[in-house]
Amino acid sequence: MKYAISSISITNYRQYSGTQVLDFKIDKTKNLSLILGKNGAGKSNLLNAITWCLYGIEIHKSKDNYNSGGMPIINTSALKKLKINQSITAEVIIHLKTDIGPWTIKRTLEGGKSGLGELYFNETSELTVIHPVYGQDKINTGEETQILINNLLPEALKNFFFIDGEQLREFFKVSTPDNISKAIDIVSQLELVYKAADHLSKVETNLRKSVKNTTPQLKSVQDNIEKIQNKVVDLKSTIKQVEKQKEKDQEEIIRVKEFLKTHNSSVISTLESERQSLEIDINKLNDQVWRKEYQRNSYLVEIAPFIYLKKEIEQTYKIMEEKVEKGELPPRIKETFIKELLEKGRCICGNELVGEAKKILEDYSKKVILSELSEISIVGKTTIEEIFSSIKEFPEKIDGLNEEIEEFKGQLEKKELRIEHISNEIKEYNVAEIRRYEERRDELNRLIAKNEQVLLLYKSDLNTYDIKLKELRGEEERELSKDKKNNTLKEKLTLVQSSLKVLVNTEKIIKTKIRKQVEKSLNENFKTLIRKKTAFSSISIDDKYDVKVHHIDGYNVINDLSAGEYLILGLSFMSALMTISGFQAPVIIDTPLGKIDDEHREYITTELPKFLTGTQLMLLVTPTEYDKNVKANLDRYLLKENFYRITENKDQTESTVGRYDGN
Amino acid sequence: MATNHPTEPRDAAYTKDHLEIYTDKKGGWLHKEAKSIFAGKFQKDLFIFAMAVGKHRDKKSPLKPPKQGNVRVDAMTEKQKWALLSIEISETKNLLCLKDESLIYTKAEEYAHEGLNILISRIEKYGNNYPKELEVELKEILAEKT
Chain B
1 MKYAISSISI TNYRQYSGTQ VLDFKIDKTK NLSLILGKNG AGKSNLLNAI
51 TWCLYGIEIH KSKDNYNSGG MPIINTSALK KLKINQSITA EVIIHLKTDI
101 GPWTIKRTLE GGKSGLGELY FNETSELTVI HPVYGQDKIN TGEETQILIN
151 NLLPEALKNF FFIDGEQLRE FFKVSTPDNI SKAIDIVSQL ELVYKAADHL
201 SKVETNLRKS VKNTTPQLKS VQDNIEKIQN KVVDLKSTIK QVEKQKEKDQ
251 EEIIRVKEFL KTHNSSVIST LESERQSLEI DINKLNDQVW RKEYQRNSYL
301 VEIAPFIYLK KEIEQTYKIM EEKVEKGELP PRIKETFIKE LLEKGRCICG
351 NELVGEAKKI LEDYSKKVIL SELSEISIVG KTTIEEIFSS IKEFPEKIDG
401 LNEEIEEFKG QLEKKELRIE HISNEIKEYN VAEIRRYEER RDELNRLIAK
451 NEQVLLLYKS DLNTYDIKLK ELRGEEEREL SKDKKNNTLK EKLTLVQSSL
501 KVLVNTEKII KTKIRKQVEK SLNENFKTLI RKKTAFSSIS IDDKYDVKVH
551 HIDGYNVIND LSAGEYLILG LSFMSALMTI SGFQAPVIID TPLGKIDDEH
601 REYITTELPK FLTGTQLMLL VTPTEYDKNV KANLDRYLLK ENFYRITENK
651 DQTESTVGRY DGN
Chain F
664 MATNHPTEPR DAAYTKDHLE IYTDKKGGWL HKEAKSIFAG KFQKDLFIFA
714 MAVGKHRDKK SPLKPPKQGN VRVDAMTEKQ KWALLSIEIS ETKNLLCLKD
764 ESLIYTKAEE YAHEGLNILI SRIEKYGNNY PKELEVELKE ILAEKT
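Protein chains in written order, with the numbering used here: chain B, 1 to 663; chain F, 664 to 809.
Only chain B is shown next, with the shape it has when bound in the complex (with noise of 0.2 angstroms):
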């Protein structure tokens, strides 16, 4: 269903005191709506505003922050002046224009004053949905009202409409290629396929507890397979929290290189930068020595059968030639071409055919009837040939093939060496905190390191476990199979464990076609988005989810992105998510441009409200972002009406907001 925002009312929300309400009119074309706020006025809080309305949740703050106390919901002013046991409440109202007609969502949460003069506030939000059924009204309150919601848009993909332009920009300068899975993994919408592998597991496991003719063999093996399925289940747990870990030093690893990169002292920033080069470099390196090898070790697999069966060959040729001596095997001469040569008159060497060269050929075209067996071994005399001579090139080939994954070597631990230096360097610096960010560093590489080696492990121990279960199955096949009563069970149990396969297939089977749809969308927006149209070929994400942005000249140029094209690209990516997921929504995007150079601000503002044209656009926006240029670009696609302005109070503690007419 599709759905735009006709109107937001915010009541004692956050900075919001008293009552805010902001009407939008709804347009095809001039489909952007703009709020303007400095920084700190309230824009955050506005997105902030939507997603809790719909979500209960803040997109600006993490889960951890939100329980751990800071400034509450419900405006402070207002809670400043109640007076003993009286209550305030913060509310969001929300009024949407859907298909099937007009909704309202209203969430709310009360607080108050209690007779002992503390401030309390209610632990959950009350959540109202007014919608349409059958042309009458129908008004939703408690816990399944959550779920009309998640209709309209999953909670799961609200990050995809309702944007952080900085966690936009950010987004590909430090996401893993898990952030990237996960993304798309969300957009796959394979919760029934999880749901329904996890309902057959359970159909197993009740199943094989309700076979009745049980024999201590087959009770053995029963026994057997729950305890590898139990151990499967905890190291399945297990690998999530170690990859949940490793994750999370790899961001913590990102923003501690941006730290050094970013840092005043010149000295530390240009060592860093050398050093992200140098990493740049020894990851092209080692794909290098990686492509090297693999040539080598795929030239090695062909020669070697010639070499090893170069006895048999030279033997096999030497019989050939003693056929070809005595005329059992005549060289391979097309009967058709001496017929032609003879029917010219002229040899190919444009001599004239006459007298005695005339008649060796006259005699030598009686002798070429060639018998199919003949024919088959001259083709296998001239193939031999170019055995031998692959052969004869291999000495010499294989030593370059060396020498060249050699050179690359030596350059790696070239490079490696420079990186130790550099780390040394900064770890002697005179500043305290950057030497802790070097040792943090370091540690990080060593448990992510670390971690990888444990997944290995434990990624092997759950094929070890597969294997296994699946030789345990086996046994109790045959050990069913033994009681004629236990026939249905087997059928069952066997259609239950062909199902969780097909399963498994069917899961891997989506996940990569919504990858390559993802691949495919995020390359056609980005080369509608970008400036540079000739610069980029194209963006793959292969099969690990790695993400590699191809320059034209071949390099893979993810991390050398300025701030407007990481922007885009993100853009890119949350759009093809939003086209994929099949959900309609607006899109709301806080601080858009910041950090943008002019020249992406200018091509950004042109492109996006003509890209999502017939989407609700809303961008929130500083004023240093709305410049001269901006303006001029987004008045193509505003409506008065749905311009707004978040002003402060003089304490900078309150704000409202109110239409604004740009001036």
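Warning: the hint list may mix true and false statements.
Residues on chain B that point at chain F, a partial pick, calculated with CB under 7 angstroms [claimed, not checked]:
| id | residue |
| --- | --- |
| 1 | T145 |
| 2 | N297 |
| 3 | A304 |
| 4 | P305 |
| 5 | F306 |
| 6 | Y308 |
| 7 | T316 |
| 8 | N351 |
| 9 | V354 |
| 10 | E356 |
| 11 | I376 |
| 12 | G380 |
| 13 | I387 |
Think of the hints as simulated: they come from the structure by calculation, not from any bench. For every residue, glycine included, the Cβ atom is placed at its ideal position computed from N, Cα and C.
Put chain F on the given structure of chain B with help from the hints.
Below, chain F without anything else, positioned relative to chain B:
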């Protein structure tokens, strides 16, 4: 230069216990991400390689059923086919064996079977150094006087 081999079989076979190795799925030697020297190669390449090892060590044994006839003969290069055919030609010292190539392929399967067993133990022994060991061995063979 290609030609028809009217009597060659459609497939060559290996035994079921070698199926895991021949598979190009994860865990098999031929999978493109495998650490094996055969990563990214095809079944026919592994078959010819194993056959050559078997012949070089003069080890062969008949295949026990069930056979897995998965090695496509028409996918082999002419050079590979002639390496295979040369085993029988050199053993019989005659070209007449080419009249029925399918018999030669049966013998090649026997060499490939034992060759693969030798290969398994060599790869287990040398691990990642196997390509280097192979290279040394090939150079030694070439240095031998024939």
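Each hint tested on the structure:
no. : hint : verdict
1   : T145 : violated (45 angstroms)
2   : N297 : holds (4 angstroms)
3   : A304 : holds (6 angstroms)
4   : P305 : holds (4 angstroms)
5   : F306 : holds (6 angstroms)
6   : Y308 : holds (4 angstroms)
7   : T316 : holds (4 angstroms)
8   : N351 : violated (28 angstroms)
9   : V354 : violated (33 angstroms)
10  : E356 : violated (32 angstroms)
11  : I376 : holds (6 angstroms)
12  : G380 : holds (5 angstroms)
13  : I387 : holds (5 angstroms)
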